[in-house]
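Student: The residues making up each chain are set out below.
2 protein chains.
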Amino acid sequence: MSQRSAGPELLRLIDLIAKLPGLGPRSARRVALHLLKRNDTLLKPLAEALAEAGAKIQKCQVCGNFDTVQPCAVCQMPGRDDGILCVVEDVPDLWALERGDAFRGRYHVLGGALSAIDGIGPEDLGIASLVARVEAGGVREVILALNATVDGQTTAHYVADLLAGKGVDVTRLAHGVPVGGELDHLDDGTLAAALRSRRGV
Amino acid sequence: MSQRSAGPELLRLIDLIAKLPGLGPRSARRVALHLLKRNDTLLKPLAEALAEAGAKIQKCQVCGNFDTVQPCAVCQMPGRDDGILCVVEDVPDLWALERGDAFRGRYHVLGGALSAIDGIGPEDLGIASLVARVEAGGVREVILALNATVDGQTTAHYVADLLAGKGVDVTRLAHGVPVGGELDHLDDGTLAAALRSRRGV
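Quick mapping for you: the protein sequence lines, in order, are chains Y and A. For the first sequence, this note's numbering gives the first residue as 33, with consecutive numbering after it. For the second sequence, this note's numbering gives the first residue as 33, with consecutive numbering after it.
Please note that the accuracy of each hint is not assured.
A pair holds if it fits inside one copy or across any two, identical chains being indistinguishable in the list.
Unchecked claim - Simulated pairs of lysine to any residue, SDA-like, Cα-Cα distance not exceeding 20 Å: (1) 91 / 165; (2) 88 / 107; (3) 88 / 39; (4) 198 / 173; (5) 198 / 60; (6) 91 / 211; (7) 69 / 58; (8) 88 / 68; (9) 76 / 48; (10) 88 / 43; (11) 91 / 156; (12) 69 / 102.
By construction, these hints were calculated from the structure, which means they are not laboratory data.
Make a model of the complete structure from these sequences and hints.
Tutor: Now the structure itself:
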C-alpha cells in the first residue's frame, strides 16, 4: 500500500505480521485490520502477551523446550524416568507427546532435522548435546520420535549411528494405522508397515 | 497442550494468536514457536509495533480509514476532489484503490456489507454517516466500489436507493475482463458483462 493511505506505524506492523509462518502480505493486512478493530479486546492483550513471553520465556538448557523456568517444568518434574530420553525434532512435537500423556521419561529437542536442501547439518541441531547427555550416563534408552519424513528418517539414522556402541537402546516409534484411521484413506507405505508389524489379538 | 509442558504465559499467547483470522490452535502454536525462536528479531519488534499501533492508530472520524492522524492522511490530502466520494466495504479496499493510484477523490468506509446471515443491518454500517456527508453538500458523485458479491451488491442497491433524489450521481465499478486475465479462465457472468459493456477501439 502507498505511504499516503497508511502511516509508517501501520506499514511496519503489517510487514512484521507478514513474516510469520503461513502469512503473506495479503493475510497480514487482514490480520492487522482485525487487530485494529479490536484494540482493547485483542490488540493490546496480544501486545502484552508477546512482551511478557519475550521477557520471560527462554529455551531450556537441558532439553531445548521453551518455558519460563530454567530448566523447564518437564525437566524439573519429579517422578519421570531419567533413563529414557525421547528425541523430537521441535518443541511442538514435545507438546504433542505431553498432550497424549503417554510418555513419562525426559525429552531432547533437536531443533529441526538434517536437510541437504535447507543446508541444515548436524552442527545446526542439538545432536552434540544429545550425545553428551547419553555419555554423561544414566540413560538406558533413546526413543527417536522424529517425523516419518525423508529428513526426519535421515536424522534418525544419523543419530542412531552416533549412539551405536554407547550402551543405550535406540528405538523409534511404531508405524501403523492411526487410531481412528480408515484403511481406505491410508497410503500404501503405512498399510504395508502395519501389515508387517501385525500382532496377535 | 497440558499445563505441564508449557507455562501460562505461553498458553495465553497461543490462545490470543489463535483468535486471529485464518489461524487456528495448530497454526497458532507454530506462529508462537516461530516468534519465540526469534525473540530479538521478530517477537520484540512485533510486540512494540502492536503496542505502538494500539496507542496511536485510530479510526478516521470522517471516512473510517485507520491512521495515526485525525482526520486521516487521505482525508487531509490537498488536491483531491471533495466532490467525488468512493464508498468501500472495508479499509483494505481503500488501501487497494490507493495502491492502484487511479482515484483522486475522497473515501467513505462502510465497515462491512449488509448480510442477513451474519445479522449485519444498515445500523451496523457507516450508512447514516454517508447520507449525512452527502446531505452536507459539495458531493457530486458517489462511486459504490463494493465487492461483486451478493452481500456487496445488496448493500450497493440499498445505498443507491437511499441516495436517490439527493442530487448526486450514483455510479458503480465496471464489470469486465481483469487486465492480464485470460478469457478461458473467466466465469460466464463476467464474460457476459464484458460483452454487454463492449466499447469501440
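Student: Evaluate each hint against the coordinates.
Tutor: Status of the hints after comparison with the structure:
1. 91 / 165: The answer is within: 17 Å in one copy meets 20 Å, while 56 Å across copies does not.
2. 88 / 107: Within one copy only: 17 Å inside a chain, 43 Å across chains, cut-off 20 Å.
3. 88 / 39: between (31 Å within a copy, 10 Å between copies)
4. 198 / 173: within (11 Å within a copy, 82 Å between copies)
5. 198 / 60: Close neither inside one copy (49 Å) nor across copies (39 Å); limit 20 Å.
6. 91 / 211: Close neither inside one copy (33 Å) nor across copies (50 Å); limit 20 Å.
7. 69 / 58: Within one copy, since 17 Å is at most 20 Å while 24 Å is not.
8. 88 / 68: between (26 Å within a copy, 10 Å between copies)
9. 76 / 48: both (16 Å within a copy, 10 Å between copies)
10. 88 / 43: between (28 Å within a copy, 13 Å between copies)
11. 91 / 156: within (15 Å within a copy, 46 Å between copies)
12. 69 / 102: Between copies only: 16 Å across chains, 38 Å inside a chain, cut-off 20 Å.
Comparing the model with each earlier hint shows violations of hints 5, 6; every other hint is respected.
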